[in-house]
Amino acid sequence: MVKFIHSADLHLDSPFKSRSKMPSGLFEVLMESTYNSVARMMDTAIEEKVDFIIIAGDVFDQANRTLKSEIFMKRQFERLKEAGIFAYVIHGNHDPLTDGFKTSWPDNVTVFKENVETYEMVSAKGEKVSLHGFSYYLDDSYENKLDDYPINSMNQGIHIGILHGTYAKSRYSQERYTEFNLEVLNDKLYHYWALGHIHQRDQLSDLPPIHYSGNIQGRHKNEHGEKGFLLVEGDDVYLNTRFVAVQEIIFAEYQLEIDSLNKQDIYQAIVEFKHRLREKGRHIIQLDLIYDGEDTIADADFTEVIELLKEDERDIRQFIWIDALHLKYMNQDNIALLNDIKASYSSNRELFKEAVNALYMDPRLNRYLGPVQDIAQEELLKEGEERLKMLMRK
Amino acid sequence: MKIIALNIYGYGKITETEINTNQHFIQFFGENEAGKSTMQSFIHSILFGFPTRKEQEPRREPRMHNLYGGKITVDFPDEDGPIEIERIKGKIQGDVKVYFDDGTVRGEDWLIKKLNFIDKKTYRSIFSFDVLGLQDIHKNMTEDKLQEYLLRAGALGSHEYDEMLSAIDTEMKSIYKKNGINPELNREMEEMSDITGRIKALEQTEEQYKHLVNEKIKTEESLNAKKNALYQLDTVRKQKMKEVMYHKDIKEWKSLEDKLNIDPVIFPEQGLERYEALKHQVQQTKQDIALRSEKLKVLKAELAGITLPDKSRLSYLESIQKKEPDIKQKHLEYARLNLAIETLEEEIVQLRRDIGWNHEHHEVDDSNIVKESVQTVLSKIDEVALEEQFLVREIDHLKSDIKQLNHDIERLEEEQISDDRIRIKKEVIDREFELKEKEKMFSLIEKDYEREKRERNRIKRGQSGLIIGISVIALITGIFYLFNSNWLMGGIFLAIGVITLLLLMLTNQKEDDSLRNDYEDEVKELKEIIETIKRNNNVDFDLNDARDLKMDLKTQKTKRISANVRLEEMKETLALKETTHDSLNTDLAAIKQDLKVNPDIENKYIVDAIHTIREIKQKRNQISRHNVEMDNINRELKEFKRSVKDELVKFDIHYDDSTVFYDVKNMVSKMYKDENHYNRLKDQIGLLENEIKVLSDRNNAGSEEIIQLFDYVDAEDEEEYYYFARKYKEYHSNIERFRELSEKLEEEHFDYDARNELSKFLLADLKEEEDAISEQIEEFNQKVQNEQKVLAELNSEISNLESDGKLSEVNHQFEMKKAFIQNLSQEYMSLNYIRILIETHIKAIKDERLPVVIEEARSIFEKVTRGRYINVIYDEDGIKVRHVNGQLFHPLELSQSTKEMLYISLRLSLIKALKGYYQLPLIIDDAFVHFDKERKKIIMDYLRSEVNDQVLYFTCNLDSAISSSQTVKLKERVK
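Going line by line, the protein sequences match chains X and R. Its first residue numbered 1, the first sequence is counted upward by one per residue in full-length UniProt numbering. Its first residue numbered 1, the second sequence is counted upward by one per residue in full-length UniProt numbering.
Hint data in this document are derived by calculation from the structure and do not stem from the laboratory. Hints are not guaranteed to be accurate.
Output of the computed footprint for chain X on chain R, the stretches with three or more beta carbons under 8 Å from beta carbons of chain X [said to hold, decoys possible]: (1) 176-189; (2) 571-582; (3) 794-808.
Heads up, the beta-carbon is just placed ideally off N, CA and C, and yes, glycines get one too.
Work out the full structure: start from the sequences and follow the hints.
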């Protein structure tokens with residue numbers, strides 16, 4: 001019987017992406033959230049008396065790789081050392097080996113180098129466990145090293161593959177590093193594959209178990225739901241996995257139907273909704289209000305409601321922060337005049353580029369903007385229309 | 001699209017109306033208030049929805065009718081057969097059903113699509129003409145705006161774009177300006193550059209970390225080396241210090257070693273102590289022997305002077321001593337009995353006095369029988385006395401009752417009322433009752449009568465009025481005839497008049513009220529009778545009271561008789577009781593005589609007297625018993641005295657009752673004392689003799705032992721013995737010290753060679769060496785301290801960096817702000833995109849559609865002005881028209897009607913231009929009021945012949961040129 005933790009994509013101290021400006025109290029909770037999640041994972045490791053933990057890449061985040069995070073990690077590893085737990089770490093595209101260490105880990109931590117390596121250890125119950133993996137040397141230059149993973153031909157002990165890479169069938173569009181398919185992994189005849197890189201928790205295969213543990217704490221609206229790690233337990237016949245949530249904050253999207261556009265009513269409805277949600281922990285949510293009626297609400301009034309809701313959460317520990325609040329009118333048509341325009345010109349890429357370039361041509365500003373090709377024409381048009389509708393309701 | 005028929009279920013004041021409009025051009029004529037506007041609104045509402053709250057238009061829900069809405073039958077050029085569009089009350093804009101000729105039904109979606117998504121506002125601004133719109137231009141628009149309006153209303157159908165553009169522009173400016181400072185995005189950028197600067201600075205600080213860690217490791221290594229050296233030096237110094245410390249010991253050790261290099265000295269174990277103890281012991285023993293011999297002599301002399309007493313005599317005296325308590329007890333008993341007899345005698349005298357006896361009468365019977373008979377007699381006397389008292393009290397009571405009763409009867413007899421008066425009172429009451437009945441009857445009759453009378457009077461007044469009328473007419477007719485000199489007729493009519501008047505007077509007479517009066521009289525008469533009786537007799541009392549008084553009197557009399565009877569009975573009983581009392585007293589006197597007590601003794605003490613007699617008898621018996629006892633005691637005492645007296649003389653003791661026991665006791669104690677003293681002396685003598693023997697034995701042994709000790713060391717005398725003793729002690733202390741030092745130095749790791757070596761050095765040399773080493777250590781310590789300070793600084797700097805999360809925090813802020821900036825930018829770009837689209841659209845219209853519209857407008861304008869204006873030009877300055885004579889005119893320079901012509905031309909051309917999008921009926925609401933006949937004819941002809949779409953023309957001036965088949969006349973309907 002061997003017991004270990006499979007985690008990945010800690011992205012320690014990774015900055016959050018939010019749409020609205022947050023009060024300092026919330027900001028502090030956000031800043032500490034990845035730390036707290038990791039600390040909780042270590043607590044579990046010690047409580048459950050696991051044999052070792054695996055971190056399948058992206059321990060740190062290059063957007064905020066500071067001494068603070070490294071020292072924190074060092075302290076956590078020291079805690080594991082005291083409890084006699086080993087740690088096996090590979091580095092991913094967000095924290096490649098070249099982003100050198102300023103500190104050194106305690107000796108219970110094993111870091112895989114840029115070439116595929118195998119480490120062996122003996123569990124508390126005496127099984128021999130072999131771990132295979134490699135770290136990214138540079139974030140943007142890599143070669144597929146899957147062929148270098150040794151094939152388990154002797155079938156002695158338990159074999160675990162650690163890999164930071166992209167499943168060929170996933171829809172993940174950017175950073176498709178180390179693409180693989182199940183056939184290649186299956187061919188290695190390992191007992192477990194601990195994958196990292198994709199932040200959504202996923203089971204790719206049951207026999208052998210191939211898992212993405214997902215990241216340990218959501219960082220923006222697209223990383224919604226509970227986050228945590230996998231607690232794996234079993235022997236060379238089968239390894240069972242159990243998900244353990246340790247996130248500090250849940251990101252989520254919700255819809256709320258309202259039947260009045262009176263600003264007090266809207267406020268009240270949202271406050272009640274928040275109250276229900278609050279029991280389930282801290283949230284940062286996007287809320288769409290669905291309204292099916294005749295009335296409209298002035299932009300100023302709606303802004304007032306938004307400000308009021310933000311003010312309510314200022315000093316609350318168990319907060320429900322509404323990052324974006326949209327009001328959707330089910331019953332109101334588009335602006336008729338725009339229909340014609342949209343039909344005539346929305347396919348004209350030149351006009352879109354002109355609109356976008358207004359900002360991208362400003363050198364002081366464009367350094368903060370994302371890649372220009374990331375901006376979707378459709379979305380921009382839709383957002384503009386929504387915004388215009390709001391403006392015209394004044 | 002053509003509207004074939006309107007079917008209004010209920011809209012405003014129009015209800016349940018059907019109108020056929022199946023004409024290309026149709027004129028709706030109606031006066032003001034006939035419902036023209038309602039009709040237009042109806043058409044708009046059915047096609048595009050009922051007015052909502054936002055629109056500044058009434059909903060026109062019928063007030064007197066419950067159906068809202070209606071149906072329009074239309075003809076689409078591309079659909080087969082007529083289509084019915086029905087809109088009725090439902091959701092706010094109404095529920096729509098579209099019925100096809102083939103029976104299929106469709107909903108609103110189909111209709112909206114069919115109308116090409118045009119909305120009500122757009123429809124109105126393109127297809128509806130009304131005079132108000134034109135008038136607004138004159139009144140509200142400045143000259144310059146007219147151009148704009150003409151262009152926009154004509155070319156684009158709406159000025160909404162302009163509103164949109166200005167709203168977007170304001171918003172965009174608030175978000176970002178290229179070189180601005182205040183817009184949100186610009187401000188955020190400013191803050192961002194600030195944050196970036198901080199990040200750089202912090203990153204540099206963190207870069208130092210690695211350097212610091214290296215430095216730390218280096219320092220730690222050097223520090224460790226120094227510490228090691230220091231430790232070794234310290235060990236050397238400690239060694240030196242030890243050598244200095246033990247140098248003295250080592251020297252001593254060396255000298256002892258030399259001294260002890262001789263043969264060992266011998267001496268007996270503990271020799272000196274043993275010798276001195278023995279010497280002391282011998283002297284002590286000699287002294288003790290002398291002392292004891294002296295004491296033995298004294299004791300022997302004392303023993304010779306003491307004689308031992310005889311045993312038999314001693315036992316005799318002791319037996320006398322034992323009898324002492326018994327004799328004393330007997331004396332005491334005799335005295336006590338004597339005292340008791342005296343007391344009893346006194347008590348008997350006292351008791352005799354109590355019951356009046358001069359002598360004791362022992363023969364008197366004091367048995368219980370006598371006592372009980374006395375008690376019975378006494379209780380009977382008490383009983384009789386109590387009954388007598390009770391009877392006397394009862395008699396007194398009854399007497400006072402009788403007195404009270406007599407008094408009451410007297411009073412009641414005075415208050416009695418005579419029987420005559422009672423009778424009269426009864427009569428009065430009867431009559432008053434009769435009177436009441438009659439009055440009631442009378443009031444009933446009177447009411448009936450009044451009602452009848454009123455009825456009669458009414459009839460009578462009617463009759464008399466008629467008769468007077470007839471007579472007056474007859475009289476006037478008569479006079480009329482008389483004036484006309486028709487004497488006969490005049491006479492006749494006059495006569496009739498007079499006769500009728502007379503008749504009236506005859507009938508109008510009074511009627512009698514006889515029945516009513518009779519009753520009234522009767523009542524009066526009764527009242528008088530009652531009054532008379534009341535006056536003559538005093539009947540002012542209550543009948544019931546009088547009867548009660550009579551009854552009371554009777555009751556009191558009966559009570560008095562019964563009280564008298566009871567009084568008599570009680571007196572008899574009292575006499576009987578007194579006789580019984582006397583006989584009992586006689587019995588009691590006889591008993592007293594028998595008891596020989598004082599006859600004057602009170603009855604209640606007789607029983608006590610019997611008890612006293614019993615007591616006297618008892619006490620007398622007790623005295624005689626005491627006398628017997630006393631005799632016995634006296635005899636025993638005399639016996640004792642006689643036996644002892646002679647014996648005691650032998651012991652030289654004179655017998656006396658009081659002192660004999662004391663003397664015997666003295667004699668006995670003296671004898672015992674002598675005996676004891678003799679025995680003790682004898683024991684002491686034996687003991688002393690033994691001790692003297694033991695002591696002299698021990699003295700001999702001690703002297704022998706001393707001689708042995710002297711022999712052991714071969715000493716001649718005590719002096720020599722002591723010399724050997726000192727020698728021996730010195731030798732052993734040296735050995736002890738040598739061993740101690742050897743051990744101590746061994747413990748401190750000084751081996752034999754080292755000791756020998758060190759004993760050759762001088763102390764001063766060693767001390768000098770030690771000082772040199774100390775100095776060296778001091779120096780090293782200083783260095784170590786310095787390095788430790790450096791290391792502490794390094795450590796604190798490292799831990800500062802480690803605990804400083806500022807870079808992380810600023811990075812968070814940076815990313816957060818970046819996301820915020822991206823969002824703002826996205827918003828800005830989206831608005832910019834919309835703005836660009838709208839502007840492009842407007843430009844496209846200007847470039848593509850406007851020339852066509854202008855050209856069409858020109859052709860229409862030329863036609864409707866009969867060729868007086870030949871061109872409409874749209875240039876940078878706006879719109880201009882060219883007169884046939886070649887002059888260009890600004891619209892302001894045109895006449896009112898021409899200006900309107902131009903406006904209409906532009907609108908019609910626009911409709912033509914939009915033909916591809918919309919084909920809808922035109923609605924004209926009296927737009928031509930400013931036109932003269934000719935102009936109106938021209939424009940009407942144009943509308944009827946040249947316009948392809950259906951035209952609905954609403955007017956309040958009927959154009960007779962239009963055939964009646966094309967005219968619908970609306971009338972005001974009032975229900």
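To see whether the hints hold, each was checked on the structure:
no., hint, in the structure
1, 176-189, "holds (count 4)"
2, 571-582, "violated (count 0)"
3, 794-808, "holds (count 7)"
Violated hint for the displayed structure: number 2, the only one.
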